[in-house]
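Chemist: Sequence:
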Amino acid sequence: MSSQHFDEQKLREISERVDLVELVAESVRLTRKGGRYWGICPFHQEKTPSFSVNREKNVFYCFGCHKGGNVFAFLMQKDGLSFREAALVLAQRAGVELAVAEEDRQRSDQRRELLAMNKMAAGIYHQQLIGSGGNEARIYLDKRGISAESIEQFELGLAGNDGDALVHHLQKKGYSIDSIKANGLARSYEQSHKVYDLFRERIIFPIARYDSGVIAFGGRTMGDTVPKYLNSPESELFSKRRNLYGLLQAREHMRRLNQAVLVEGYMDCIKLHQAGVKNAVASLGTAFTAEQAELIARYAESVVVVYDGDEAGQRETIRALDILENHSLVCYVLVLPPGKDPDELVTSMRGAGVAQYIENNRITGLEYRIMRLVETTKGDGIEEKLRIIREIKPRIQCLESSLEKDFYSRLLAQKLRIEEDVVTREMRARRTNISRQAAADSPAEYSPDLAERLVAAVINKPYMYERLVQALGSNILAGTVQGEILQVYSRLQAGKIEALECQQAMEAELSKMGYAGEYARIMVLTEEQYLSEAELNELIVRLRIKREEKAWNALAKRVNMLGDTGEFEDFLKIILDFHRILKYSREGEAY
Numbered sequence: 003m004s005s006q007h008f009d010e011q012k013l014r015e016i017s018e019r020v021d022l023v024e025l026v027a028e029s030v031r032l033t034r035k036g037g038r039y040w041g042i043c044p045f046h047q048e049k050t051p052s053f054s055v056n057r058e059k060n061v062f063y064c065f066g067c068h069k070g071g072n073v074f075a076f077l078m079q080k081d082g083l084s085f086r087e088a089a090l091v092l093a094q095r096a097g098v099e100l101a102v103a104e105e106d107r108q109r110s111d112q113r114r115e116l117l118a119m120n121k122m123a124a125g126i127y128h129q130q131l132i133g134s135g136g137n138e139a140r141i142y143l144d145k146r147g148i149s150a151e152s153i154e155q156f157e158l159g160l161a162g163n164d165g166d167a168l169v170h171h172l173q174k175k176g177y178s179i180d181s182i183k184a185n186g187l188a189r190s191y192e193q194s195h196k197v198y199d200l201f202r203e204r205i206i207f208p209i210a211r212y213d214s215g216v217i218a219f220g221g222r223t224m225g226d227t228v229p230k231y232l233n234s235p236e237s238e239l240f241s242k243r244r245n246l247y248g249l250l251q252a253r254e255h256m257r258r259l260n261q262a263v264l265v266e267g268y269m270d271c272i273k274l275h276q277a278g279v280k281n282a283v284a285s286l287g288t289a290f291t292a293e294q295a296e297l298i299a300r301y302a303e304s305v306v307v308v309y310d311g312d313e314a315g316q317r318e319t320i321r322a323l324d325i326l327e328n329h330s331l332v333c334y335v336l337v338l339p340p341g342k343d344p345d346e347l348v349t350s351m352r353g354a355g356v357a358q359y360i361e362n363n364r365i366t367g368l369e370y371r372i373m374r375l376v377e378t379t380k381g382d383g384i385e386e387k388l389r390i391i392r393e394i395k396p397r398i399q400c401l402e403s404s405l406e407k408d409f410y411s412r413l414l415a416q417k418l419r420i421e422e423d424v425v426t427r428e429m430r431a432r433r434t435n436i437s438r439q440a441a442a443d444s445p446a447e448y449s450p451d452l453a454e455r456l457v458a459a460v461i462n463k464p465y466m467y468e469r470l471v472q473a474l475g476s477n478i479l480a481g482t483v484q485g486e487i488l489q490v491y492s493r494l495q496a497g498k499i500e501a502l503e504c505q506q507a508m509e510a511e512l513s514k515m516g517y518a519g520e521y522a523r524i525m526v527l528t529e530e531q532y533l534s535e536a537e538l539n540e541l542i543v544r545l546r547i548k549r550e551e552k553a554w555n556a557l558a559k560r561v562n563m564l565g566d567t568g569e570f571e572d573f574l575k576i577i578l579d580f581h582r583i584l585k586y587s588r589e590g591e592a593y
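Under my numbering, the first residue of the sequence shown carries the number 3, and numbering increases by one thereafter.
Be aware that a few hints might be false.
Unchecked claim - Under the rule of at most 27 Å between Cα atoms (straight-line distance), these lysine-lysine pairs were calculated in the DSS-like manner:
(1) 342 / 280
(2) 174 / 121
(3) 342 / 12
(4) 183 / 230
(5) 145 / 174
(6) 196 / 183
(7) 59 / 514
Hints are computed from structural coordinates only; laboratory data are not their basis.
I would like the entire structure built from these sequences, with the hints used as guidance.
Modeler: If you want it as structure tokens, here you go:
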């Protein structure tokens, strides 16, 4: 939920009342240096502090991982919250009451009741496992290689064979049959109308939120009962599409390593954690979803997919890659031997060196796609090879690095057992014109550093903004993130609002646009880093010369095209354009 669903004035009040330095200091050790506070970034691994907080401007920025923003952005990234969740937490901290509809309030009360019920149920299941009646289940888990520490860490439990024991216990605590059924802990049979516990004679895996609230359960049979795995049904609290098993235990490690390891099953996830791969999460045994990818992206920028080695697992790997890459996550794959799963991998290695094994044997998502296409394509003729090349071609051409493009072209040639030149020629086909157009449209005259220093100067010194617009127009830095930030500033300046209100409005709007980090980076620049007046004047002169050269070249091209066949009106238009270029060149204004 975005800020537009809350009163903007209330959000500004929260931002003013919550001291960002105090909020950050609760999880990061900060040291003051001049007007800033510095610490080890909580969002990625580093040894030298590159995480900066500016109390005066109420923004943070990490010069290592480039995450940044205001108080809302910090809480969202630290705890993986939506904007709505972060706003409600900070409102309570600031003592600001955010208006919530009565329907939302009732729904929130209902969710609290269901969470309390699940917490109680999880405790009952856990006590049954570690108590005297759980001996057989503990022997089973021990044979599967699950340690006592993991039983406690993941709060594993046991549902006994009493058909309605949990229902009776919850009823004694004041919960109604309807609420127990609505929470997915029980169901009734149409013939007898009797209510039974949903989970019976199963190992129980509580599924928790980031804040340890239990939202659902998974149950695994210890025998041959079908189905082998059973999940809580969809409910007010739980949607399989939107959750990941092990997130509570893994999220801090995902953030620190900036990577997640994605598996399919509960046991796979737990065994990897035992083996030191503590950033592992599982997709609840269902097909991977866009919502789950979005959840991963809150904590990490890359993913290693470790699905089963059988045909079904490899098909699902491709599907997961498609979804993950659509969420801008860098993807790797660990290919397991046919018939093997991550649980068996850990068991065969006796838990030693698994993290290093994954690191050393993973391949990139694109490498996996090439391998998979070659393996699954029937036939070895030229038509089949061309089809593979054409399918992979757009993915290779999208790569920014020439080294990567060469590497994957060579790899593709090796896998197809053809000459490298054949793949290279196919890759270059119809690419030259595209590259030239991209180069013509790119704002090459602005380096990111120069653009940031320029935006920092004009935002903090409005007279420099007026000078810039007068000389070069308002569309400066077009095609860059910094240009988008400048456009937002320009719109707000047109409204003649106060400086503080302008900053808060910019934070809100740029957050919606996804530019919170870029804006924070600009705002943490010190005055000494701003573009100076002399540098601004030099930039204006340089850009004016380039614009004039471009205009003259375009004019000459038009004259050549007209030649002897041009009409008088066409020549007249060119003469007027010629006059305009001379006029603006003399007066030094934008054209």
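Chemist: Among the hints numbered above, which are violated by the structure, and what are their numbers in rising order?
Modeler: Violated hints: 3 and 5; rest satisfied.
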